[in-house]
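Asker: Protein chains in written order, with our numbering: chain Y, 1 to 177; chain G, 1 to 167.
Chain Y is faced by these chain G residues, among others (derived, beta-carbon under 7 Å):
(1) A136
(2) A144
(3) V151
(4) K167
Using C-beta positions, here's what the derived DEER-type ranges look like:
(5) P100(G) <-> A156(Y): 26 to 32 Å
(6) A156(Y) <-> K118(G): 20 to 26 Å
(7) S89(G) <-> V132(Y): 23 to 29 Å
These are computed hints drawn from the structure, not numbers from a lab. Quick reminder that beta carbons are idealized off the backbone N, C-alpha and C, glycines included.
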Amino acid sequence: MSRPSTPSDLELMAHADGEHDDPELAARFDGDADARAKLDAIQQLGELVRGHLELSADDVHDAKFAAMWRRIDGQLVAPATGLWSRVSAWFDRYRSHVITGAISAGAVAALALVLRPGTTDLAAHAIDVRPVAQRAAPEIDSLETPGGSSTVISLADDDSNAAVIWVTPDESDAEEI
Amino acid sequence: MIERAVHRPATDRVRRPRRSLAVLALAIAAALAAPRLGRADVTAECDFIEFSATSGDKPAIDGELQQLEKKLKKPPFSTWNQFKLLARSHKALAKKKPEPISLKNGSATATLVEIVDKSKVRLTVTMDDAKGKQVANNTATVEAGDYVIYVHSLPRNEGHLLSVSCK
Numbered sequence: 001m002s003r004p005s006t007p008s009d010l011e012l013m014a015h016a017d018g019e020h021d022d023p024e025l026a027a028r029f030d031g032d033a034d035a036r037a038k039l040d041a042i043q044q045l046g047e048l049v050r051g052h053l054e055l056s057a058d059d060v061h062d063a064k065f066a067a068m069w070r071r072i073d074g075q076l077v078a079p080a081t082g083l084w085s086r087v088s089a090w091f092d093r094y095r096s097h098v099i100t101g102a103i104s105a106g107a108v109a110a111l112a113l114v115l116r117p118g119t120t121d122l123a124a125h126a127i128d129v130r131p132v133a134q135r136a137a138p139e140i141d142s143l144e145t146p147g148g149s150s151t152v153i154s155l156a157d158d159d160s161n162a163a164v165i166w167v168t169p170d171e172s173d174a175e176e177i
Numbered sequence: 001m002i003e004r005a006v007h008r009p010a011t012d013r014v015r016r017p018r019r020s021l022a023v024l025a026l027a028i029a030a031a032l033a034a035p036r037l038g039r040a041d042v043t044a045e046c047d048f049i050e051f052s053a054t055s056g057d058k059p060a061i062d063g064e065l066q067q068l069e070k071k072l073k074k075p076p077f078s079t080w081n082q083f084k085l086l087a088r089s090h091k092a093l094a095k096k097k098p099e100p101i102s103l104k105n106g107s108a109t110a111t112l113v114e115i116v117d118k119s120k121v122r123l124t125v126t127m128d129d130a131k132g133k134q135v136a137n138n139t140a141t142v143e144a145g146d147y148v149i150y151v152h153s154l155p156r157n158e159g160h161l162l163s164v165s166c167k
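In isolation and in its complexed conformation, chain Y is listed as follows:
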C-alpha cells in the first residue's frame, strides 16, 4: 500500500469550506501535518472574515433602521407648531375620511329632507286665492272703536270684496281732532 498523497490547495480550500467532506480526504489531512496546519489556518481566516462581515452587517442594519424610523416618525408626528398646521395635518391624514363623512352627511340630509313628514315650504306659505265669485264676504269677528262709533259696510264688485269699517269719532273727540 502506498502512502496517501499530500492534498492539493484546491482540495484544502474545498474541505475548509465544507464542500468536500470525503472521509478518505480527511484521513489524508490527519496523516499530513502540513496539510492540517494549512487547513486550520484557512478555517481561522474564514472565521475572522465571517465575523467581520457579520459585525459590519449589524452596523448597517442599525443605521438603516434608525434612518427608516426617523422618516416614519417624521411623517406620523408632523412638526405641528400652530393651530392651522395641526388642522391641515389632520385633514391631510384623514382626507378620505372627511370626504366619506361629507358624502354620508349629504346623503343623510337629502333623505331627511325627502322623508321628513310635514308641510312643505310652499304649503306653509300658500294661501289659495279663489275666484271672486267663490269668495265669502269678509267676516268681522270683533271690533272695538274706543272714542267713536263704527259702521261696517260690505262692498263687492267683480274685482274683490271689501269690508269697510267706518269709524266716526264721538263729538267730544271730534272737537279735539
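With chain Y held as given, fit chain G onto it using these hints.
Answerer: Showing chain G alone in chain Y's frame:
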C-alpha cells in the same frame, strides 16, 4: 425597533375619526334640516295702503290706488273725490306675531291669527291716530285677495284710510 412598529396604536388613529365623522354627519344633517323647520312657519303676505280722502273741485285718485279705484268711486267713499296715497308697506305676517305697520299719520299693528280653510286669513288690526289714541281694534276673517278698509272720519269732511289685503 420592530416591536415599536407592532405596538404603534394605528387602529386608534383610524377608529376615532370614523366615530367623530359619524357624529359630524349627523350634525350636518340636523343643521340642514333645522332651517327647513323654521321656514315651515305659517305666514301671510299682506299689503297695507294708507291714504287720505278729501273733497275738491276735480276728482283725483293716486295711480297707486288703482286697485281700489272702482270701490272708491262708490258709496260710502263717493262722499269724497280726491284720494291721496300716504304710505304703503308689504309685510310677511307670522302667525300670532304682531307686526308694526308704519303710517304717516298715527300707527298700526297687524297680527295673523290663523289661516282658515287655506283661502282665508284671520287678522287682528289695531289703528291709532296721530295722538296715539286707538281708533279701531278689529279681528276679521277675509278671503285672500279681498280687503278690509278702515276709515277714520275727520272734521272738514276729510278721511284717513287704511286698506289691508293679504295673499
